[in-house]
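Novice: If you're matching them up, the sequences are chains A and B in order.
Letter by letter, the first sequence follows residues -8 to 360 of the working numbering.
Letter by letter, the second sequence follows residues -8 to 360 of the working numbering.
Calculated directly from the structure, the hints in this document are not laboratory data.
All values reported here derive from a predicted model rather than from experimental measurement.
Among the hints, erroneous ones may be present.
Pairs count within a copy or across copies, as identical chains cannot be separated in the list.
[Unchecked claim] Once the Cα atoms are required to be at most 20 Å apart in a straight line, the calculated EDC-like pairs of lysine to aspartate or glutamate come out as:
#: 1; residue 1: LYS82; residue 2: GLU102
#: 2; residue 1: LYS221; residue 2: GLU107
#: 3; residue 1: LYS83; residue 2: ASP321
#: 4; residue 1: LYS14; residue 2: ASP25
#: 5; residue 1: LYS218; residue 2: GLU43
#: 6; residue 1: LYS221; residue 2: GLU93
#: 7; residue 1: LYS40; residue 2: GLU0
#: 8; residue 1: LYS101; residue 2: GLU78
#: 9; residue 1: LYS275; residue 2: GLU141
#: 10; residue 1: LYS101; residue 2: ASP77
#: 11; residue 1: LYS83; residue 2: GLU102
Listed below are the residues making up each chain.
Protein chains: 2
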Amino acid sequence: MSEKNLLLEAFGQTAYQLSGNRKRNLQVLKDALDPLDGNLASDQYGTGKLIEEFQQKMAAFLGKESAVFFPSGTMAQQIALRIWCDEAGIKKVAYHPLSHLEIHEENGLKELHQIESVLLADTNRTIVLDDVLGMKEQVACLLLELPQREIGGVLPPYEDLEAISAHCRKQGIKLHLDGARLLEILPYYQKTAAELCSLFDSVYMSFYKGIGGVAGAILAGSEAFTKVSKVWKRRHGGDLISLYPYIVSADYYFEQRAHKMEQYYTDAVELAGYFNGCHAVETKPQVPVSNMFHVHFAWPKEQVEPVLIQISQQTGIGFTHYLRPARESDSSCYYEISIGDLYANIPQDQLRAAFQMLDNAMRAGSEGK
Amino acid sequence: MSEKNLLLEAFGQTAYQLSGNRKRNLQVLKDALDPLDGNLASDQYGTGKLIEEFQQKMAAFLGKESAVFFPSGTMAQQIALRIWCDEAGIKKVAYHPLSHLEIHEENGLKELHQIESVLLADTNRTIVLDDVLGMKEQVACLLLELPQREIGGVLPPYEDLEAISAHCRKQGIKLHLDGARLLEILPYYQKTAAELCSLFDSVYMSFYKGIGGVAGAILAGSEAFTKVSKVWKRRHGGDLISLYPYIVSADYYFEQRAHKMEQYYTDAVELAGYFNGCHAVETKPQVPVSNMFHVHFAWPKEQVEPVLIQISQQTGIGFTHYLRPARESDSSCYYEISIGDLYANIPQDQLRAAFQMLDNAMRAGSEGK
Chain A
-8 MSEKNLLLEA
2 FGQTAYQLSG
12 NRKRNLQVLK
22 DALDPLDGNL
32 ASDQYGTGKL
42 IEEFQQKMAA
52 FLGKESAVFF
62 PSGTMAQQIA
72 LRIWCDEAGI
82 KKVAYHPLSH
92 LEIHEENGLK
102 ELHQIESVLL
112 ADTNRTIVLD
122 DVLGMKEQVA
132 CLLLELPQRE
142 IGGVLPPYED
152 LEAISAHCRK
162 QGIKLHLDGA
172 RLLEILPYYQ
182 KTAAELCSLF
192 DSVYMSFYKG
202 IGGVAGAILA
212 GSEAFTKVSK
222 VWKRRHGGDL
232 ISLYPYIVSA
242 DYYFEQRAHK
252 MEQYYTDAVE
262 LAGYFNGCHA
272 VETKPQVPVS
282 NMFHVHFAWP
292 KEQVEPVLIQ
302 ISQQTGIGFT
312 HYLRPARESD
322 SSCYYEISIG
332 DLYANIPQDQ
342 LRAAFQMLDN
352 AMRAGSEGK
Chain B
-8 MSEKNLLLEA
2 FGQTAYQLSG
12 NRKRNLQVLK
22 DALDPLDGNL
32 ASDQYGTGKL
42 IEEFQQKMAA
52 FLGKESAVFF
62 PSGTMAQQIA
72 LRIWCDEAGI
82 KKVAYHPLSH
92 LEIHEENGLK
102 ELHQIESVLL
112 ADTNRTIVLD
122 DVLGMKEQVA
132 CLLLELPQRE
142 IGGVLPPYED
152 LEAISAHCRK
162 QGIKLHLDGA
172 RLLEILPYYQ
182 KTAAELCSLF
192 DSVYMSFYKG
202 IGGVAGAILA
212 GSEAFTKVSK
222 VWKRRHGGDL
232 ISLYPYIVSA
242 DYYFEQRAHK
252 MEQYYTDAVE
262 LAGYFNGCHA
272 VETKPQVPVS
282 NMFHVHFAWP
292 KEQVEPVLIQ
302 ISQQTGIGFT
312 HYLRPARESD
322 SSCYYEISIG
332 DLYANIPQDQ
342 LRAAFQMLDN
352 AMRAGSEGK
């Protein structure tokens, strides 16, 4: 058995976990269905009360004319960019080099839509106003991912967003929000979803990140934009006869957790503080701006794993089920934390004891080197 | 209120319906989830016991090396054709002019994959061996839809399928089965799924037609083929973090109904006989070869609707909730029947009385003309 599996196994036996809302099992869907009348009619190829009402609710929440429910953000975002490219007659869009579209979608944007990407900023920081002002190539659309997940969940200053939005409008560049974690950043910006979304022409939001639904996404924008998005949804094979399993769970957990994002954010700041208090451990960003951050250890993953296994066995607290080599170097490693409901369940004294153990182990290990 | 809505409304109030398995409501999913332990882990981006075991089960059932679960047949089939086109270096496929890909997918195959279609046969009949032998253009793949749904569910002779398959193999043309209604045709051919599928290089099957699941599809073929299909599934935005709502319902209703297809077929033959016994009414095909057929009335829909409304109100039997003008002419109309569990619930005397009423009304109306 590999060390990775030992960590996963030890994690699976812990009573408490730092990250997440709950286990991703069938009960998640059962709980969302339980309060609903079985006689409720399924949506039918994008029509029907169940889907239309939820779409209207989300459009209002995001301050947009219209919204369309999609099975996935991958589908929703490629389609958004395709629409803007077709409208502009330019097959180019700009985004961050670590955008989901660039590294997690098997080049779908290029392979299915023949859209080229212009990469702004670099892999260590988020896109700022100067990147946009300095862009030489003509693009149909600029996509901003807020927060920039792959670098720990980082945000540009709100003033930058406003300036980027104003610049794009002046230049005729559409601005699209990859808001997979849209709710999660509102407490930091101290804005409503509608206020933030007003800076963007189109917006995608996910229902299985902080909200913890089963799957699914919303794409919102003008009536004309969402109408065309439905045509592309059918072309992609996303216009299912029934999307209700995702819709009912999206709605259920939205109601349950949308108002908890401030708490998750505060918890993330607290937890990052515990990590940063440990020797040879730091978080990125140092002070979280959402419910998420990355934990970096200045040791290779093979050396950190036994430490985390021991802590989980002695304290019952699971830090993570995986570690990845850092992008920069194999001699350090990291993992991602997204705070949800589970963090609040951990007894504070056990939590402090766990971090004391981590600090001790990292110190002892460093001295032993 | 339009007449169409009156028919829909009257249909909604009937105690019995000719078509279908049950209402498409949330209870369909609840029933599939109820027997399952809530602790069962979700599938995760195409991996995990829940999805892998079902894929293996379906691969074995279809007699193929491997199978992949997709959210929709639209996605699965475009991807199958894309793979065969890429492999052959030919961006052309052949299928029937009323194929789902040609008329129900907003040109996804062309818009997303730049694949051109060569249309075989004509809109009144199914593809036969001569169509394939006479094909002048070079194609990567031939898609056969069995049964050909848009013309009432028609099948070519099995000998034709064997000859087409042999011809395609000799010519290096891949043969793909649009088996949205694959189970539904096995009783007529008196073949197992694996026997039929052995004629094809790739096979798609749906879980919400005769089986009556919530949604979802299987794409099966060689290990190499399905491996590439997973890459395209991600590109299309179909590699959801959780597909289990569709998988558990597909499996549940497959177990419940796969063995009932012979009964549905026999019921369809009986029911078509009742229709064909009525004046100015005929079914296509006249003798069904699956659980489905189309009912054609030699009158415009505006004249048939009041008749069906009256019958439903007087007998409690719903014939249909819609009528469409015939493809050939507005002076006649038709609708589709797919037999499922509901047909067997109808008391035979009430059923005969309903058809007596239909015959009488159609005769009286014709005389009055």
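Novice: For every hint, state whether the structure bears it out.
Specialist: Quick rundown of the hints versus the structure:
no. : hint             : verdict
1   : LYS82 to GLU102  : both (13 Å within a copy, 14 Å between copies)
2   : LYS221 to GLU107 : neither (23 Å within a copy, 23 Å between copies)
3   : LYS83 to ASP321  : neither (34 Å within a copy, 47 Å between copies)
4   : LYS14 to ASP25   : both (18 Å within a copy, 19 Å between copies)
5   : LYS218 to GLU43  : within (13 Å within a copy, 36 Å between copies)
6   : LYS221 to GLU93  : between (24 Å within a copy, 18 Å between copies)
7   : LYS40 to GLU0    : between (44 Å within a copy, 16 Å between copies)
8   : LYS101 to GLU78  : both (17 Å within a copy, 19 Å between copies)
9   : LYS275 to GLU141 : within (10 Å within a copy, 57 Å between copies)
10  : LYS101 to ASP77  : both (14 Å within a copy, 15 Å between copies)
11  : LYS83 to GLU102  : both (13 Å within a copy, 17 Å between copies)
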